[in-house]
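**Q** The primary structure of each chain is shown beneath.
There are 2 protein chains.
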Amino acid sequence: MTNSAASLEPLFHPSSVAVIGASADPAKLGGRSLRNLLQQPFPGPVYAINSRAEQVQGVPAYPSITAVPQPVDLAVVVVPGESVVTAIEQCAERGVKSAIVFSSGFAEVDEKGRAAQARLTAIARASGMRILGPNCMGVFDPARHLYATFSASFDQGVPKVGPIGIASQSGAFGAYCFVVARERGLGLSLWATTGNECDVDIAECLEFMAHDPGTKVVLGYLEGCRDKGRLIRALEAMAAKRKPLVMLKVGRSDVGAQAAASHTASLAGSDRVYDGLFRQYGVHRAESLEDLMDIGYACTAGRFPTAGRVGLVSISGGVGVLMADAARAAGLEVPAMPQAAQDKLKALLPYAAVRNPGDATGQVLADLGLLGANLEVMYREGGCDAVVVFLGTVGINPVLMPKLTDSLIGLRKRFPDPVAVVCMLSKPDLAQPLEDAGYLVIEDATRGIQSVAALVEYGRYFARPRDAGALPPLPRPAALPKGPIGEFEAKRILKDAGIPIAPERLARSAQEARQAAEHIGYPVVLKIASPDIAHKSEMGGVLLGVADSAEAALGFDLLLERARDAAPDARVDGVLVAPQVQGGVEALLGVHRDPVFGPVVVFGLGGIYVEVLNDIALRIAPFGVDEARRMVREIKAFPLLDGARGRPKADVEALAQTLSRLSLFAAAQADHLQSLDINPFIVLPEGQGGLAVDALIVSRS
Amino acid sequence: MTNSAASLEPLFHPSSVAVIGASADPAKLGGRSLRNLLQQPFPGPVYAINSRAEQVQGVPAYPSITAVPQPVDLAVVVVPGESVVTAIEQCAERGVKSAIVFSSGFAEVDEKGRAAQARLTAIARASGMRILGPNCMGVFDPARHLYATFSASFDQGVPKVGPIGIASQSGAFGAYCFVVARERGLGLSLWATTGNECDVDIAECLEFMAHDPGTKVVLGYLEGCRDKGRLIRALEAMAAKRKPLVMLKVGRSDVGAQAAASHTASLAGSDRVYDGLFRQYGVHRAESLEDLMDIGYACTAGRFPTAGRVGLVSISGGVGVLMADAARAAGLEVPAMPQAAQDKLKALLPYAAVRNPGDATGQVLADLGLLGANLEVMYREGGCDAVVVFLGTVGINPVLMPKLTDSLIGLRKRFPDPVAVVCMLSKPDLAQPLEDAGYLVIEDATRGIQSVAALVEYGRYFARPRDAGALPPLPRPAALPKGPIGEFEAKRILKDAGIPIAPERLARSAQEARQAAEHIGYPVVLKIASPDIAHKSEMGGVLLGVADSAEAALGFDLLLERARDAAPDARVDGVLVAPQVQGGVEALLGVHRDPVFGPVVVFGLGGIYVEVLNDIALRIAPFGVDEARRMVREIKAFPLLDGARGRPKADVEALAQTLSRLSLFAAAQADHLQSLDINPFIVLPEGQGGLAVDALIVSRS
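So the sequence lines, in the order shown, correspond to chains X and H.
For the first sequence, my numbering assigns the number 159 to the initial residue and increments by one for each residue that follows.
For the second sequence, my numbering assigns the number 159 to the initial residue and increments by one for each residue that follows.
Simulated from the structure, these hints should not be mistaken for laboratory data.
Careful, some of the hints might be misleading.
[Claimed, not checked] Computed cross-link-like contacts, BS3-like style, restricted to lysine-lysine with a CA-CA straight-line distance of at most 30 Å: (1) X:LYS270 with H:LYS504; (2) H:LYS502 with X:LYS270; (3) H:LYS318 with X:LYS585; (4) X:LYS807 with X:LYS794; (5) X:LYS794 with H:LYS807; (6) X:LYS585 with H:LYS585; (7) X:LYS502 with H:LYS270; (8) X:LYS502 with H:LYS186; (9) H:LYS585 with X:LYS318; (10) X:LYS186 with H:LYS504; (11) H:LYS186 with X:LYS561; (12) H:LYS186 with X:LYS585; (13) H:LYS561 with X:LYS186; (14) H:LYS399 with H:LYS386; (15) X:LYS504 with H:LYS270; (16) H:LYS794 with X:LYS807; (17) H:LYS502 with X:LYS186; (18) X:LYS186 with H:LYS585.
Chain X on its own, in the form it takes in the complex (with noise of 0.2 Å):
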């Protein structure tokens, strides 16, 4: 655990608690946030600040925190918004060691607000005080009884302790998430809102629960980041304990980020780069509410295939269709049952499909034996890594379904390893057994497939060896000049970093221009070379073509012609003469700098339809040539470099390691570089490598 995370305990795990605003009236915050401290059994003693009573709720209250003659470790603060800095101002006196603040008006609505809430940063950095919020609605952790929120949610109860943290930017959220595992019977681990975030961001109660022995999964809610360093680090503390993280982010579309901006203080990176960033380490980006909710469950199994081989049986062959098109759809195999298999399942139900999808018919319901049979023969010859069963609306049946459930126990006993998922409609009391026996309880056969898809994901993320993630040390920055730098200067700069330049020559006389032709050999291409001109092909800068010595010294004087037209006041270096690159892909290359993750590399093939349809794949730099092996295939157009319609094969390994250097260079010189273009850079056939052939470095000014 890092001294960040540590620094967590006396907030998740204090010995003692101070309300500050304490109220003895439970309809008001400060009463509901003492009367949910007291409600449960939590061993330390809690204290009540309120300067009108001795007493509040039936234990000591004392005027000021200052008063309290015990050491506090957390104080919750309920106090009217303009109070709180004072309050909070008493705590770091008093040396409690971390305060939790509800009150809200502060960075989320006004100029002076925000002043407030830079004054409370202010005092967690020079006190070593942990502040979390300003309006959050807390934490809790039903282990330890600790419920230090003001949610109103715990009058129907409180949750199960299980293996699921819930970790929510909003509180609001966090509470609905809450509410909505206990409904459905899921325990929890920790709870933590971090609202505005002046001191506690989520990603430190990410790194946290990462570290938290009872959590086992976590569910995130995040609307944007500021500290890319936190995230990272809670994200590869989450993969070395191979706990999996849902993570629902909003503010994908336009109207989305434009309230989420305005819902919180966040300073959002482009929804992009999130995707980018999830893919990278191994994070469910969950669609809804439900597929956040869905997804955790099914990690709760603990079951992590790194293969996707499902066998599917269903007492509907529809359903049985239905989910093969769904596994389908979702990347995972339907092996077909080995012949043996297959024989030995039509000898059990001559009218059954048996391929797989397996259709056991309805009949099985009459004879529940058929259908454990069915399902050994699965289990034990079908080789997957998942078995889905369709079971219709057997789990309401409260006469057939315990029959069911001994012989499904049964089955799962002598069969531990695979994912086991049973998709039917259910009461929870009649599915509870089966689920105690590590199956999944999936209602819907689609999503059942989807939480699978899920579970193998997260299996081959969790078996990436962590050390092939280590990254060669980043090259030493060399100062990169100011403002755009043209193309020869980005292609020898890029030449240094490793990455491979169509071999040119600048020429800056006719003459030099002919030579350097017959040294390189016709056909050739000349291209202008100006640090000021930016778009060639536009301005007519670059020829195709050229043939013979003739047309190479004619073109040298056309492009100096067109140059002087276009561009009277452009720095004109000379001309650019390159050997004209015969077959192979077009892809584009580029660094763009984002304000939270800095430089991000960006992959696509070339041409309008990919720019128009984003095909683009994208990683926060540095990465691995892993990495960019994974990313590489993650575009739509991926088939066009892999030999789609009779093309020979692109050299992708050459391509991917093009990425990894970029992304080690464009890490370097983080501080300096803003954008970087390599447009194209021709991917040749596999073994030949690739080429940068027009290259453009824009620098921080």
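Following the hints, put chain H in place on chain X, whose structure we already have.
**A** Relative to the frame of chain X, chain H by itself:
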């Protein structure tokens, strides 16, 4: 109602029913079938056919159907497979009007079964008696208390009477749907499962439901359709009655399609064709069981707006952002509230976000009047077609919920028109009053938004002027030459069909080539003209940019030489001389023949990206210009035609005209046309039309 649908009256609304194979033991299918009929107060007589008893389950028994003294509208056949044909023969003899065959062992099993099924079909055709099944689960009609099915699912209760019809090719699937509907409290009108479809098919059941006054929305389950005409007639009947159809069609994937083919005996058309058909006829294709039920439920509100402006209010700012993201992803608008309305809301809730999505904050739960006032402003001044409000977990709170319900019901009375959705965790009894008042209560916020989007799609479909779909009469089919038809002849045929063709001339000598080129004007394109050379470019049979008369003559000789080398046996008509078209966007227009649906028109942009990404739109021929306009807008790359990235807008109207004309031609030639490709069709800038540059037709040999 057509004769076909009317002939199903005795099946769905029989006055009398006989169960052939009736048993006294409800554990047997023949016993359960009779019990299902008798447990509910079906008003007509029920007879048991059983040779060994005088009474079965209290109703008079007869040794055979011919012995029943009174007329029988519906015979339910539950005898073993080998006795079915005899039983059905006797029914026909006795003048029974309709029959349902539950028994399996027919076309789904083997050749013998196929023959027996064909015999059933023949009896139906000869006698006029309509037969449902075999291998089906029958029908039920809760309003008429008719339960002609062996389903065991009535043990936990019969469904409510309500607006939803269910038509399923699979019995098990249909049974599952009805139980899920019952558990969700959804009311049903009619339920039909069609199994092997020896006579009555799902399309006829859909058409019957379209005309059934009690049915307002239909959920369908489809593996494949055999009769295009019946299906389209059913879809047109649904549209004419403004009844939404939600369809789950399985077999999307390779594995799924394979399993579907083995599961039923359906001749399934290509799955992509169904996508086109469903778009053409306003059918929502459900992605999952959950989606099927959710959209079906949403339709029961009976509101189908024609525009998609949604107002969003949330007690959690985060969920507001999530809903806005979901709305944009679903193609809905989230318009900013007018400034005056924002000012009013700000006065009500100073800390709230008021732009849309509105964040009413948790505060409104403490002061419900605030929420009502907030929604009132949004309804009155927001100009919304739908209002979606997220209320967290209030729906399980027995104290808050009744108060909130009063407020929301009052609002609904004042603003009854927009679709109104409440997203919250809820308990059925607490949510029911809201539903009775016309609210949709949907737990997941994202699914709430997606449901609104589906209702808007239906609304737009229903709002299409029905007569705008009227097509000009199909052209009289001219005889097509057999086999592949080369470019020159193909273009002549297409020109007659009203497709714009690049002007071109066939040259039979170098001299003619020169003359043609001079007449057309340089630059021209030369193309080898041969019915036997389909892929001209690949053998070097196309010369671009031919600039003068010398090049034209040389080019003629070169192409003939190349043709002789590459395809010595090809018949060569000469060389086509055409203007070189400048600018425009390359599109691909094709027709292919689907085994079920006949000629299908395919549209996509040219180029390998579009092929790899499979970005095409598809419709069943014939269709009008209006449908073609939607088709063009459906592809992901549409922005390229719409002026993306500074390009001129393309003449989409000319493209749509061409697609519609092509569909008329294809429909007229349905019996003779195997395939047709116009590749490329150049869509010129707006107002300049388009041109077929190359074409190939293959007629059926």
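**Q** Now tell me, hint by hint, if it's right for this structure.
**A** Checked hints:
Of the pairs offered as hints, the one joining LYS270 of chain X and LYS504 of chain H holds, with about 19 Å between alpha carbons and a cut-off of 30 Å not exceeded. Under the criterion of a C-alpha separation no larger than 30 Å, the hint pairing LYS502 of chain H with LYS270 of chain X is consistent with the structure, at around 24 Å. Between LYS318 of chain H and LYS585 of chain X, the direct Cα distance comes to roughly 20 Å. Compliance with the 30 Å bound is thereby established for this hinted pair. Between LYS807 of chain X and LYS794 of chain X the CA atoms are separated by roughly 16 Å; this keeps the pair inside 30 Å, and the hint holds.
With a CA separation close to 26 Å, the supplied pair LYS794 of chain X and LYS807 of chain H stays within the 30 Å bound. Note on LYS585 of chain X and LYS585 of chain H: the hinted pairing holds, with a Cα-Cα distance of about 14 Å set against a maximum of 30 Å. With a C-alpha separation of about 24 Å, the suggested pair LYS502 of chain X and LYS270 of chain H falls inside the 30 Å cut-off, and the hint holds. Annotation: proposed proximity of LYS502 of chain X to LYS186 of chain H holds, straight-line Cα distance about 27 Å (limit 30 Å).
Restraint check: the Cα-Cα separation between LYS585 of chain H and LYS318 of chain X comes to about 20 Å, which is no more than 30 Å; the hinted pair holds. This hinted pair checks out: LYS186 of chain X and LYS504 of chain H have alpha carbons roughly 24 Å apart, not beyond 30 Å. Pair hint LYS186 of chain H plus LYS561 of chain X holds up; C-alpha atoms about 20 Å apart against a cutoff of 30 Å. Between LYS186 of chain H and LYS585 of chain X, the direct Cα distance comes to roughly 27 Å. Compliance with the 30 Å bound is thereby established for this hinted pair.
With a C-alpha separation of about 20 Å, the suggested pair LYS561 of chain H and LYS186 of chain X falls inside the 30 Å cut-off, and the hint holds. Straight-line distance between C-alpha atoms of LYS399 of chain H and LYS386 of chain H comes to about 20 Å, which keeps the hinted pair within the 30 Å bound. Simply put, LYS504 of chain X and LYS270 of chain H have alpha-carbon atoms about 19 Å apart, close enough for the 30 Å limit, and the pair holds. Restraint check for LYS794 of chain H and LYS807 of chain X: the C-alpha separation of about 26 Å stays at or below 30 Å, so the hint holds.
For the hint pairing LYS502 of chain H with LYS186 of chain X, the CA-to-CA distance comes to about 27 Å; that is within 30 Å, so the pair holds. At most 30 Å may separate the alpha-carbon atoms for a hinted pair to count; LYS186 of chain X and LYS585 of chain H meet this at roughly 27 Å.
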